[in-house]
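**Student:** Please put together the full structure from these sequences, using the hints given.
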Amino acid sequence: MDLTQFFYDKKKGIFFLAALLLFFVILVLPAPAPVDTGEETITLTTQGKAALAVLAMAVVLWITEAIPFPVTGLFAVSLLVVTKVAPLKELIKDGFGNRIIVFFIGVLIFSAAIAETSLLRRVATFVLYHLGHSASLIILAFLTVGSLLSGWITDMAVAAMLLPLGLSILRDAGAEPLKSNFGRSLMISCAWGPLIGGISTPAGCGPNPLTIGFLKDLAGIDFTFLNWMIVGFPAMILMIPFAWFILLKS
Numbered sequence: 000m001d002l003t004q005f006f007y008d009k010k011k012g013i014f015f016l017a018a019l020l021l022f023f024v025i026l027v028l029p030a031p032a033p034v035d036t037g038e039e040t041i042t043l044t045t046q047g048k049a050a051l052a053v054l055a056m057a058v059v060l061w062i063t064e065a066i067p068f069p070v071t072g073l074f075a076v077s078l079l080v081v082t083k084v085a086p087l088k089e090l091i092k093d094g095f096g097n098r099i100i101v102f103f104i105g106v107l108i109f110s111a112a113i114a115e116t117s118l119l120r121r122v123a124t125f126v127l128y129h130l131g132h133s134a135s136l137i138i139l140a141f142l143t144v145g146s147l148l149s150g151w152i153t154d155m156a157v158a159a160m161l162l163p164l165g166l167s168i169l170r171d172a173g174a175e176p177l178k179s180n181f182g183r184s185l186m187i188s189c190a191w192g193p194l195i196g197g198i199s200t201p202a203g204c205g206p207n208p209l210t211i212g213f214l215k216d217l218a219g220i221d222f223t224f225l226n227w228m229i230v231g232f233p234a235m236i237l238m239i240p241f242a243w244f245i246l247l248k249s
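Just so it is clear: in the sequence shown, position 238 is 237 by numbering that gives the first Met the number 0, and no numbers are missing.
Just so you know, these hints were derived from the structure itself, not from any lab. Since this is a predicted model, take the numbers as computed values, not measurements. Don't be surprised by glycine CBs; every beta carbon is placed ideally from N, CA and C. Please note that the accuracy of each hint is not assured.
Mimicking DSS-like on lysine-lysine, the simulated pairs with C-alpha atoms at most 25 Å apart in a straight line are [what the hints assert, rightly or not]:
hint, residue 1, residue 2
1, K215, K88
2, K248, K178
3, K83, K48
Using C-beta positions, here's what the derived DEER-type ranges look like [what the hints assert, rightly or not]:
hint, residue 1, residue 2, range
4, R121, F23, 37 to 47 Å
5, A159, P29, 46 to 56 Å
6, I245, G173, 16 to 26 Å
7, K11, I229, 42 to 52 Å
8, P33, F213, 34 to 44 Å
**Tutor:** As structure tokens, then:
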């Protein structure tokens, strides 16, 4: 193991522990005496002291870069909830502007985790393996698999997974670039499938959860995950055969 990297990681660990120690020290210290301004008495509440402890810890972690900046932010928000500074909904609304952002962050984290594994590739390969050499069925499979997967994983991640598979199929088929209608249709299906499936659930693409938030804040319409699927999933099913027909006739 590289000694430089070892000492660098050890240094980051020390900074992280120091930040946690600072947090606990501020948390257990007695509250300062109230300040009398003549018109009112200002007291540092328990929640205020906890918020100060979290802030001090976060500043140390940001300056020292002991852990990544986004992780520090999420860690700080979690500690604010644990120390009962404020409810999670209020923190999200004040910090991010809309509570639906947390859902959006969760979807992106889940999508990134899935994209780093071979799960998507294995699912797509399994489906394509059972289709034989029918060009029309392969295009339908790309549309269907892309649509179904992008309902739960961001559409860009699904498209990025399908594209190499499509290129591999075209190489095996000996398709000539810019001359093969099958190649053109297959490449388009790599994008159309995820785009179609992106409307099926709120997790499908970024604008969906934002739309739910806007409907809630501006129109007072509370769309649940299931409410969205009741509308979005049938729409996705209806769009797949039309897209398939267009690609076959193009």
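**Student:** Take the hints in turn and mark each one as holding or not.
**Tutor:** Structure-based check of each hint:
| no. | hint | result |
| --- | --- | --- |
| 1 | K215 - K88 | holds, 14 Å |
| 2 | K248 - K178 | holds, 15 Å |
| 3 | K83 - K48 | holds, 11 Å |
| 4 | R121 - F23: 37 to 47 Å | holds, 45 Å |
| 5 | A159 - P29: 46 to 56 Å | holds, 55 Å |
| 6 | I245 - G173: 16 to 26 Å | holds, 25 Å |
| 7 | K11 - I229: 42 to 52 Å | holds, 48 Å |
| 8 | P33 - F213: 34 to 44 Å | holds, 43 Å |
Of the numbered hints listed earlier, not one is contradicted by the structure.
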